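Residue numbers (my numbering), protein chains in the order written: chain U, 1 to 405; chain X, 1 to 115; chain P, 1 to 313.
For the record, the hints were derived by calculation from the structure and aren't laboratory data.
Quick caveat, the model's predicted, so the values are computed rather than measured.
Using N, Cα and C, we set each Cβ at its ideal position, and we do this for glycine too.
If a hint is listed, it holds; no wrong ones were tucked in.
Each pair of labels, with its calculated beta carbon distance range:
no.	chain 1	residue 1	chain 2	residue 2	range
1	X	Glu44	U	Arg178	45 to 53 angstroms
2	U	Lys382	P	Asp65	46 to 54 angstroms
3	P	Ile286	X	Leu76	53 to 61 angstroms
4	P	Pro41	U	Asp230	47 to 55 angstroms
5	P	Pro295	U	Ala165	55 to 63 angstroms
6	P	Trp290	U	Gly27	16 to 24 angstroms
7	U	Gly38	X	Asp78	22 to 30 angstroms
In silico DSS-like pairs for lysine-lysine, Cα to Cα no more than 30 angstroms straight-line:
no.	chain 1	residue 1	chain 2	residue 2
8	U	Lys266	X	Lys2
9	X	Lys2	U	Lys184
10	X	Lys79	X	Lys65
11	X	Lys69	X	Lys92
12	X	Lys18	U	Lys184
13	U	Lys287	X	Lys50
14	X	Lys18	U	Lys170
15	U	Lys283	X	Lys40
16	U	Lys287	X	Lys45
17	X	Lys17	U	Lys170
18	U	Lys283	X	Lys43
19	X	Lys79	U	Lys287
20	X	Lys99	U	Lys129
21	U	Lys315	X	Lys92
22	X	Lys50	U	Lys283
23	U	Lys184	P	Lys291
24	X	Lys99	U	Lys170
25	U	Lys46	X	Lys79
26	X	Lys17	U	Lys129
27	X	Lys92	U	Lys89
28	X	Lys2	U	Lys129
29	X	Lys79	U	Lys315
30	X	Lys79	U	Lys320
31	X	Lys99	U	Lys283
32	X	Lys92	U	Lys287
33	U	Lys184	X	Lys17
34	U	Lys46	X	Lys50
35	X	Lys79	U	Lys283
36	P	Lys62	U	Lys3
37	X	Lys99	X	Lys45
38	X	Lys50	U	Lys315
39	X	Lys18	U	Lys129
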Amino acid sequence: MGKMVIPLGPQHPALEEPESFSLLLQGERVAAATVALGYNHRGMEKACESRTYIQNIYLLERICGICSHSHSTCYVQTVEMLAGLEIPKRALYLRALIGELERIHSHLLWLGVAGHEIGFMTLFMYAWKDREVVLDILEMLTGNRINYGMNTIGGVRRDITPDQAQDVLKCLDVLEERTAYYAKLVTEERTIVNRLSGVGILLKEDGLRFGATGPVLRAAGVAMDIRKDDPYGIYADLDFNVATDEHADVYGRAIVRVTELIESYKICRQVIKEMPDGPIVVKAPSKIPAGEAFSRYEAPRGEDIHYTRSNGTDKPDRVKVRAPTLANLAAITHMIEGGYLADVPIIIAAIDPCFSCTDRMIKVIDSSSGRENIFDWAGLRKYSMEWYSKQGIDFKNMNAFRKED
Amino acid sequence: MKSVGRIVPYLLSMLVKKPNTIMYPFVPAVVADDFRGALKFDKEKCIGCKICERVCPSDAIEIEKVADKQFKAIVLMDKCIFCGQCVDSCPKDALENTKNFELASLNRESMRVEI
Amino acid sequence: MALTLFYILIFPGFLFLSVISLVFELIDRRLYARLQNRVGPPWFQPLADFIKLLSKESIVPKEADSRIFRIIPVFALAATATAFMYIPMWGLKSLYPFSGDLIVVLYFLTIPTLTFFLAGWFSSSLYAELGAIRVMTQFFAYEVPLYMSILGPALLAGTWSISGVTNYYHMHPLIALVNIPGLVVALFATQGKLERVPFDIPDAETEIVGGTFTEYSGRFLALFRMAIDFELVVMSALIAAVFFPVFIPSNPILGFLVFLVKLLIVVFLLTLMRTALARLRIDQMINFCWKVLAPFSLLQILIDLIVRGVIKA
Chain U
1 MGKMVIPLGP
11 QHPALEEPES
21 FSLLLQGERV
31 AAATVALGYN
41 HRGMEKACES
51 RTYIQNIYLL
61 ERICGICSHS
71 HSTCYVQTVE
81 MLAGLEIPKR
91 ALYLRALIGE
101 LERIHSHLLW
111 LGVAGHEIGF
121 MTLFMYAWKD
131 REVVLDILEM
141 LTGNRINYGM
151 NTIGGVRRDI
161 TPDQAQDVLK
171 CLDVLEERTA
181 YYAKLVTEER
191 TIVNRLSGVG
201 ILLKEDGLRF
211 GATGPVLRAA
221 GVAMDIRKDD
231 PYGIYADLDF
241 NVATDEHADV
251 YGRAIVRVTE
261 LIESYKICRQ
271 VIKEMPDGPI
281 VVKAPSKIPA
291 GEAFSRYEAP
301 RGEDIHYTRS
311 NGTDKPDRVK
321 VRAPTLANLA
331 AITHMIEGGY
341 LADVPIIIAA
351 IDPCFSCTDR
361 MIKVIDSSSG
371 RENIFDWAGL
381 RKYSMEWYSK
391 QGIDFKNMNA
401 FRKED
Chain X
1 MKSVGRIVPY
11 LLSMLVKKPN
21 TIMYPFVPAV
31 VADDFRGALK
41 FDKEKCIGCK
51 ICERVCPSDA
61 IEIEKVADKQ
71 FKAIVLMDKC
81 IFCGQCVDSC
91 PKDALENTKN
101 FELASLNRES
111 MRVEI
Chain P
1 MALTLFYILI
11 FPGFLFLSVI
21 SLVFELIDRR
31 LYARLQNRVG
41 PPWFQPLADF
51 IKLLSKESIV
61 PKEADSRIFR
71 IIPVFALAAT
81 ATAFMYIPMW
91 GLKSLYPFSG
101 DLIVVLYFLT
111 IPTLTFFLAG
121 WFSSSLYAEL
131 GAIRVMTQFF
141 AYEVPLYMSI
151 LGPALLAGTW
161 SISGVTNYYH
171 MHPLIALVNI
181 PGLVVALFAT
191 QGKLERVPFD
201 IPDAETEIVG
211 GTFTEYSGRF
221 LALFRMAIDF
231 ELVVMSALIA
241 AVFFPVFIPS
251 NPILGFLVFL
261 VKLLIVVFLL
271 TLMRTALARL
281 RIDQMINFCW
291 KVLAPFSLLQ
301 ILIDLIVRGV
311 IKA
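Put together the whole structure using the sequences plus the hints.
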């Protein structure tokens, strides 16, 4: 069989979200791979500039369904830095509790997805059955299973009663027993170990060179975790370990995530035990003074970075989001090349991709002349209408969708 | 110890347990008490300040005057993201979240409801 | 003449096989769900799936070879239905036994695999081609252990007819216990033949979308899925007839019920295998089949020859 180019995506059963991978196959081996991003670009950062700071919390929360609290907390931290607010301790503890519960649900989701990619549907069903326990707790605490809406500028919106805290502790006991079973299963079931070992190798030097973050880097033996290196909230007061592993392949990443699950249970228990009484919110001004702020957060997938620039009004001037998957995607072609086609889905799944988080606009380069171009809102609209009218579609007579434009 | 089929004893024990899934919609789905579902409006309390309209992230609620000091609220259910910001911001607590989430419909017009 | 037509078309021919294969697909899916702690599909699900597929639009790709594309599913169905006629269901003899029908049945069951390959090859789509090549690669791995493990008990019985094998073991039931290694090999090889996890590499949904059946839709896909269901029943019946030939009463109705119970046991074991294992990669599968399954089946043949020699002496 000669070489052939096979497209993996944008629509493919292996990917939850659309992204285009182009693989050059030789038999069953991948000789070369390219990645084309951008299928999930929604113009979030631009949309932030025409909404107030509080409305932006809900918008940025919906960048991703799985790491929604990470984005919302990271953004709120930047705004609170700009406004110079001192957040009450109880609010910080509640944010950490919801953040760790989100990490638990995200890692259980990953375990199920990894099982699905290697054809082991039973692991998928079991891991998602346990995830239902976490989602029910989150629904009880915050009112929704996925986009929690817990944060507001200056603190959190809901409090936790002692009965709810007891329910959370009981569920954590159940989950801990089940996670110990998964740890045993992943390391002992021969078919799983055969599929996951030796696949998608990313050694320490390559990981640091490509800028990988999160469990991908920790599986190569590098103990980098924002919660320890640059603590935010109350993580400086909590006692937990950073999970690392030496295998540097997909098996190592699975071990790291399962270990992180167990650490998260420990953190949740500490948070509930040590939560102080007090107010949960301070009053925040609606007009934030001018300035720039930058904050980092350890999302379940890695390091999440938010930058906000304010100009004294009640709407931000510029919001920039750098999701962890963008940093990990740079390493994907290195991991896929030279492997089997059958391993590509599990390698992609092992960086825990969230393409909704990833697709932000970086630079617009004119393909014919190679020049860089910065568009403003009116210029982008004019450019796109001209481009469509060359294809024969006329947008000039459509009304604007928003009241202010 | 690595071997094939480590999960079999656990699988067989599942045969005697009650299934974890339910036959929704023949069996009702249970949600938590503080679930953020569809909105409910108390027209006795509303003073027509329209703070809810201004804070809504998706312009989903409209307050209209029906008579002197009497207002009605119209919600576009397909725009509402059920964040509850209007509930928090209302100075008179005229809005409230219910537990209703079964709001799907086949035509667009039925999404514009008066609550 | 009318009786022959009745046998071929109604019982135990085409209609009966269709009904029983839908029932066993339901049992397989329901058991799979229960092992995963879910409720599972309702009783009419396989029939509903079949009718739904028949009612959908059947798209034939422009670049595919249209005639072969349409006629292949029918071949798969016909081959498995014909193979079913030679397996004893209600007693010691099948409908039309003859010496050598074991080999003929095994050959008939090879035809569906060839049709899967042809289906993928003539679809002229990237994913279908990859799937077709995987079908053939997998075929070369599991076919030898499957044949050798099924021929082992026949060697011991000294006859090439399935009814003859059943008859022999019915008269000497305890000797069937020496065939247990062959039974294990046959179960694994059957899982490969039916292309279910851990050997569902040709139809690996997360890797090559639909595998050989990527371009199939509508009534052609319905016929292919029906052929796969037929294969499950026929292979399980073959294993039950060759490896479990015990407790066969002379009353045909009781004999038929015993046959159903044996089918249930084999399908239960196959479903358990499907639920408990992950999918293998193609190179791991070839290693496994040639380094583990083939030597065990050779061992089984050796044991059978030795025991036959001992009995004759």
